[in-house]
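Visitor: Sequences are here, hints too, so could you generate the full structure?
First to last, the sequence lines map onto chains A and B.
1 is the number of the first residue of the first sequence in the working numbering; add one for each residue after it.
105 is the number of the first residue of the second sequence in the working numbering; add one for each residue after it.
Hints were generated in silico from the structure; no laboratory data involved.
None of the values given here were measured: they were computed from a predicted structure.
Do not take every clue at face value.
[Unchecked claim] Distance ranges between label pairs, derived from CB positions:
hint: 1; chain 1: B; residue 1: W201; chain 2: A; residue 2: L12; range: 17 to 27 Å
hint: 2; chain 1: A; residue 1: V34; chain 2: B; residue 2: V286; range: 15 to 25 Å
hint: 3; chain 1: B; residue 1: L151; chain 2: A; residue 2: G60; range: 49 to 59 Å
[What the hints assert, rightly or not] Computed footprint of chain B on chain A, listed as stretches where at least three residues anywhere in the stretch have a Cβ under 8 Å from a Cβ of chain B:
hint: 4; region: 1-10
hint: 5; region: 35-47
hint: 6; region: 50-58
hint: 7; region: 64-70
hint: 8; region: 75-86
hint: 9; region: 89-99
All residues carry an ideal CB built from backbone N, CA and C; glycine is no exception.
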Amino acid sequence: MSLWTAVLLACLLAYLLKLAGYVVPHSWLEVPWVARVTPLLPVALLSSLVVTQAFLTGEGTFTLDARAAGVAVAVGALLLRAPFLVVVALAAATAALVRLLGIG
Amino acid sequence: MTPWWRTTAFRQGLAVGVATGAYGISCGALGVAAGLSTWQTVVTSLLLFSGGSQFAFFGVVAAGGTPAAAVATSTLLGARNMFYGLQLTRLLHPRGWRRFATAHLTIDESTAVAISQDDSRHQRIGFWTTGLAIFALWNLTTLLGALLGNAMGDPRAYGLDAAAAAAFVALLWPRLRGRQPVAVAALAVVLTVVVAPSAPAGIPVLVAALAALVVGLPRPRKVGPA
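Guide: Below you can see the structure in the form of structure tokens.
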């Protein structure tokens, strides 16, 4: 398989997977257990994304670095009911500052 | 009615879009470093458009894996987008050509922002703002990253990786009310921590989805709020 073929095949398969979620019959989704589970999916996915984005290195090991400092400040801001953009900006500024100072 | 550009869904979408879109720089630089041409790298951002799958594809190629292995890894990671679609189709009800565009923009971030909104109008605003902002920026920065390599500097120096993590925390925050969601979150964290060291990026998120299944599947014993 050439690299171009692989690139285009990966693109095609990725799109078909995305589309699959939209074309399955609605009746499949109206089953009681699906209705109980799907509202909980976002919580599971978001929780997992927080862990991987904040504490995981590219090699799959855990670490406490500038991102953790940023997230800690974000949680503090959320406790103080800061708006979304403020929370995100504070986290970025904290991580940038920590890295600038060479701590994390 | 609040105009769409003054809603919180729009602001959240833009914030997540800018923080994530900037990462296309790394994507472009990594693709070229892995041995793809500039055009091949740019095509993955245009057509594959799912950061985790793209990084996985580059990683396998860079490590000397076969093109077929790169396709398999990238596709495995893309499976989570199908589950996002299952959820989003209930919320957004896309029709006609919109269904195909909605599918293409279905990624971690657009899903996260959309499902965090309280009503269908804001879910739509959140989805399209995040999806289109990331699509535009991601492709622009991928091209820049591929052409300039790492000369642009590391987006981490601006704390953008922490911004993305904080955005997920802020989206999760209001959902952590009640026993069930907290149990799901705790179990998802445990599963991620256990699986992450031995699985490629993108797989822990899929495994963590089991938390929703484990907590949500048992039939409730009594009617009433959990």
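Visitor: Against this structure, judge whether each hint is valid.
Guide: To see whether the hints hold, each was checked on the structure:
1. W201(B) / L12(A): 17 to 27 Å: holds (19 Å)
2. V34(A) / V286(B): 15 to 25 Å: At roughly 22 Å between Cβ atoms, V286(B) and V34(A) fall inside 15 to 25 Å, so the hint holds.
3. L151(B) / G60(A): 49 to 59 Å: With Cβ atoms ~27 Å apart, the hint is violated.
4. 1-10: It holds, with 10 qualifying residues against the three required.
5. 35-47: holds (count 12)
6. 50-58: Answer holds; 7 residues pass the 8 Å Cβ test.
7. 64-70: Our answer is that it holds, as 4 residues pass the Cβ test (under 8 Å) against chain B, meeting three.
8. 75-86: holds (count 5)
9. 89-99: Since 10 is at least three, the answer is holds.
The structure fails hint 3 only (numbered hints given earlier).
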